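Using the sequences and the hints given, assemble the complete structure.
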Amino acid sequence: MGKQLNKPTILAAGTFVVDYHKTVKHYPSERASSKITGEVISNGGAPFNLLVDLAKLGTHANLHASGRIAQDLDGKFIVETCNTHGIDISQLSYDRAAATGYTDVFTVEESGRHTCFHFAGAGGNFSRDDVKLDTAKPDYLFLGSLGALGKLEAVNPDSGRADSTKLIRDARKRGITTIIEFAPLDRGARLEEFAETLAESDYVIVNDRVAETITETSLYSENIFDPDLARKAAQQILDTGLRIAVIIHSGAGAVYVGADGTFYKSNGYFLPWEERSGSAGVDHAFCAGFINGLMGSQDEAECLRRGLAVSTMCRKDLTPSDSIESMDTCISFCETSQQVK
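Taking UniProt numbering, I'd label the letters of the sequence shown as residues 1 to 341.
What the hints contain is simulated information worked out from the structure, not anything from laboratory work. Just so we're clear, the structure is a prediction, and the values are computed from it rather than from any experiment.
Simulated restraints on C-beta separations: (1) Ile41 to Val108: 12 to 20 angstroms; (2) Ser34 to Gly175: 46 to 54 angstroms; (3) Thr84 to Lys35: 26 to 34 angstroms; (4) Asp104 to Ser159: 31 to 39 angstroms.
Using 27 angstroms as the maximum straight-line C-alpha spacing, the simulated DSSO-like pairs for lysine-lysine come out as follows: (5) Lys166 to Lys137; (6) Lys35 to Lys316; (7) Lys151 to Lys166; (8) Lys7 to Lys132; (9) Lys25 to Lys35; (10) Lys132 to Lys173; (11) Lys137 to Lys173; (12) Lys22 to Lys76; (13) Lys151 to Lys132; (14) Lys137 to Lys151; (15) Lys173 to Lys151; (16) Lys76 to Lys132; (17) Lys316 to Lys265; (18) Lys22 to Lys35; (19) Lys232 to Lys265; (20) Lys7 to Lys137; (21) Lys166 to Lys132; (22) Lys76 to Lys151; (23) Lys7 to Lys173; (24) Lys76 to Lys137; (25) Lys316 to Lys25; (26) Lys316 to Lys22.
C-beta atoms are modelled at their ideal positions from N, C-alpha and C, and glycine is treated no differently.
Okay, structure coming up:
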């Protein structure tokens, strides 16, 4: 699939898996049981979800994938999904030593909250060598999810640093705008573990839960998302040396905190409980909306608004992307509902 001229190009690298979604009556305690009431499969992993969402939003861009899969049924599903959405798969590498990765996603019917069990599979062998920057010549590199990239985050004995750091540094040297989605699998992860990679990056996008964990601060005041507290947490991440901005988002709102001192905040959108089906992929949907605005040269406030609109639409379906429609449709739908105060 050739690169179309007069369009920005985004290369999304990292975790490409299949999500196996199951709805349950309740989430059981250890050694207990719960009835499965429905199941469906979908795209999974931050870069895979992002690219599918960007395609469905009608984003004016060339979409390229970089990940590691296997020649099995799940790998075939990933390839077919990419082909359906016009995503270039020339940098999807096949691994002979492992199966394609997957995630089992259990969503409680009443709350829409989900719990994930992730098998990295072939994705655990994804490395710097799998990403061909000079081949794709991207304007933007999206890496996700930092903290869940296996081999890519291991220290390379030749360079003395993680390959994720080297990848971001190599992209920056080529004038590529770098965007990291940060979501460690280890719930005990701390900011300093990722500081070297973050210091090479332009943008970092992180959800409220992860931001609270890695900065050891609360973003909520009396159970309400507090933009001022989020700003302080974002500043901790900026202090690693990040070059442009940190974006922290939740269902209730989002903030943009720039290295130059700029600060923007936006309220989220209210989606009635009866219209919510799940929450899988909401973080990646936010990334897609934000990057849609970024690539369209929209201002920071508009990028936040788009991110929140797309993440709201995502909640209408059990899967990460099936409820995503055009950017105009997402915004129109959300603006007919009351914004969260």
